[in-house]
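Quick note, the sequences are listed as chains G and C, same order.
Just so we're aligned: 297 in this note's numbering is position 73 of the first sequence, and the numbers increase by one with no gaps anywhere.
Just so we're aligned: 793 in this note's numbering is position 64 of the second sequence, and the numbers increase by one with no gaps anywhere.
If you're looking for bench data, these hints aren't it; they were derived computationally from the structure.
A virtual CB, placed ideally from N, CA and C, is assigned to each residue, including glycine.
It is possible that some hints are incorrect.
Partial selection, computed: residues in chain G whose CB lies under 8 Å from chain C [unchecked claim]: (1) Q260; (2) N279; (3) R319; (4) N321; (5) F330.
Listed below, chain by chain, are the residues.
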Amino acid sequence: DAMVIQNPRYQVTQFGKPVTLSCSQTLNHNVMYWYQQKSSQAPKLLFHYYDKDFNNEADTPDNFQSRRPNTSFCFLDIRSPGLGDAAMYLCATSRDNRGSKNIQYFGAGTRLSVL
Amino acid sequence: AQRVTQPEKLLSVFKGAPVELKCNYSYSGSPELFWYVQYSRQRLQLLLRHISRESIKGFTADLNKGETSFHLKKPFAQEEDSAMYYCALYNQAGTALIFGKGTTLSVSS
């Protein structure tokens with residue numbers, strides 16, 4: 225049973241057209257993460273939420289935003305996608321982000337194409 | 730700077746051969762290290778973490794602070810071990826996983 229669900233699996237958008245990627249979890253975990261993974265590269269953390277507290281990585285472009293309306297859902301908004309934003313976007317959750325509860329559980333990812 | 734290096738992009742072995750996937754890290758203090766695996770068409774999932782000191786699917790990994798390494802080993806590879814393997818560590822703040830670029834393991838008969 226999928227515990228971290230990402231929709232859609234594939235998303236095509238146009239250059240400059242806002243796009244939203246969705247993640248939901250059934251684990252009731254406190255922390256939700258968004259990673260960007262470009263071809264042949266390591267997943268790179270964009271930001272995470274600890275409950276309602278938003279934590280942005282220092283080098284995440286302003287073009288990327290996130291919302292977490294409740295414990296179960298988290299959204300990644302790309303305000304004006306560029307060709308360089310084409311990538312796999314991974315959502316992950318963890319019960320906590322410290323100690324023994326920081327194991328991260330990943331969704332299957334959304335592959336974003338920008339035309 | 731915190732960094733994870735996986736020097737091999739691809740490792741090809743025959744079934745039954747020993748496997749060692751290399752991982753070196755850069756970290757100040759005591760790192761918390763993980764191996765994640767991604768089988769074909771599946772999601773990224775935890776394989777093992779160093780603090781558990783466990784063996785999963787026959788794989789083990791030992792933290793060597795002197796060599797700053799956390800290599801993943803299995804004495805006898807199986808075809809179902811073919812996958813992408815990522816080494817990762819938590820950053821100093823404990824808030825983000827830093828991944829290596831991954832090693833594709835291909836096991837053939």
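Okay, the hints, checked on the actual structure:
1. Q260: violated, 11 Å
2. N279: holds, 6 Å
3. R319: violated, 13 Å
4. N321: holds, 5 Å
5. F330: Holds, because the Cβ-Cβ distance from F330(G) to chain C comes to roughly 4 Å (cut-off 8 Å).
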